[in-house]
Amino acid sequence: MSAQTSTESRADPAKSRSRQLILRIAAMRAWLFLAILLIFFETWSRISYGQTFLFSSYNAQSIAIFAVAPLLLALGSTFVIISGGIDLSIGFIMGLAAVIAAHATNLAGQSLPPFAAMLVGITAGLVVALGPGLVNGVLISKLKVPPFIGTLGMFGVARGVAFLLAGGTTVPVANSWFASLGNGRVFGFPVVVIITILFVLLMHYLLSQTRFGQHTYAIGANEQAAIRSGINVPRHIRKLYLLSALCAGLGGVLYAARFTAGAAQAGEPLLLDSIAAVVIGGASLFGGSGTILGTVAGALVIAVIQYGLVFINVEPFWQFVAVGVVIIISVLVDQTQRKLGGDR
Amino acid sequence: MSVQPQLQTQEPILDVRSVSKRFGGVEALKGVSMALYPGEVVALAGDNGAGKSTLIKTISGVYGADGGEIRFAGEAVRFATPEAARAHGIETIYQDLALADNLTIGANIFLGREPMRRLFGFLPVLDRPAMAKAAKETMARLDFHVNRLDAPVGRFSGGQRQAVAIGRAIYWNARVLIMDEPTAALGVPEQRKVVSLIQNLKAQGRAIIFISHNLQDIFAVADRIVVLRRGTLAGERRIADTNPDEIVKLMVGG
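Going down the list, the sequences are from chains A and B.
With the numbering used here, the residue at position 52 of the first sequence is 52, and numbering never jumps.
With the numbering used here, the residue at position 79 of the second sequence is 79, and numbering never jumps.
Keep in mind the hints are simulated off the structure, nothing from the lab.
None of these values were measured; they are calculated from a predicted model.
Take the hints with a grain of salt, since some may be wrong.
Stated by the list, open to error - Here are the simulated DSS-like pairs of lysine-lysine, each with C-alpha atoms no more than 27 Å apart in a straight line:
| # | chain 1 | residue 1 | chain 2 | residue 2 |
| --- | --- | --- | --- | --- |
| 1 | A | 142 | B | 202 |
| 2 | B | 202 | B | 57 |
| 3 | B | 57 | A | 144 |
Please take these sequences and the hints and turn them into a complete structure.
Here it is in structure tokens:
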């Protein structure tokens, strides 16, 4: 007996084609949300104020700058969430990095020229951020602590240490180079946005084109399969939490540069925004799916909602409601997609 | 009470000689011997707790044997890990398939050893075209013709997924395939496909051990049946010389 077979031949082809179409739209839902929001605000702006919303370079740049910090956190979280984990500590790792970067820049500035002092500050912020990431990875991969609990513990530790180091206040930075890193422009583009775009491209490459990315997807779908394929899963998980902490560290350094001050609570409101960006971007909290480009769209959706509602003079508390609604819709679309796709 | 298979002149690819294994006070295998020849399908039958799983896990490097010896292609071997067994060409296909449902057939075949190519001459990227090509060719060798090489394997049926798991093993040149209940989770048409898949592998000269509770499948595809009972060899029969009643008697010790 020949086992000739193909999935399409078993289903009604027209039904299968519309199913494919629905799946394709569902996969791009974050960009669809973004388009709908932009059309909404553009229309509103033209009717109420007789001016453009999106095509004003001031608005577009403000939204981009707005999106930078949550997006950086979300990039690392995309990897962690695809692997089936979660990192709750990133908000305060970001705060810790901001405080350390501020202190280190000031300290180095006493004996070094401003540019070198800035480099010392950036390096210190990023390196210190790796510490909690390493501990997270060891807790989860070696000691088998559930990611939610392990990183919740690190949330507390990083928060406490960041406030202690900051002395309960913000740490101002006096360094002209550092200030222009955060607020300067190159060819009219904000430096922080350029750095973030380069980082997005790097993360997109890492997730979609390398073994590291491929193994991250495999671990999220079936950890046993990954182990049996000879992937060193514990080592991979440690790298993931290091990457997540590095992203948070970069977020913290850029925050300190933008506000020329390090604040322990810098990333506090961003944790949930960043996870929301990943989920709106199409990742599943069950692991196994998600993309960097989706996360970028998710972060932009949140930034457009937050900026746009202020722009049209809606009370700021409606932001929470709007972001919440988008998250819920997104998860519902994800469920439907799973049912249609037959992915477990 | 050993039964010589049809290819007596050939050397067995796998020769298990009075292997024993104990877990604490429990003797799971008490000196079990069996041989496997290239191009042969041997069914491993027995009641729950008879030692079937322990025996295949001892062969595939999950457990070390406490006594006896295992010879592979004429040489005495001791596999410390499943990876070591796999490197010799002994591949185990588990019931839960060990596939990543979100990855393509090609990505599953190459999982953990993905081929890379250079984009613009310097940037290393995953060689997806090579993976897709290998996937298409491997599946065609199994007489499964799949067009959707970019779809995740989670979208395929149980029998097709079984074929992907087997395809991965044969792509990496497995000479001995151990299949644990390959038809258990499948519907009847899919079971038939897997049975024809096993016949196909046999025709390619690969040796197969498969565990099954389904006597109908065993009689459809196996050359010989090795029956275990409470950790010992209860009997070994050629399919041509036996019938289901006799096998059941061997299994329960009637």
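**Structure versus earlier hints - violations, ascending order** = 1
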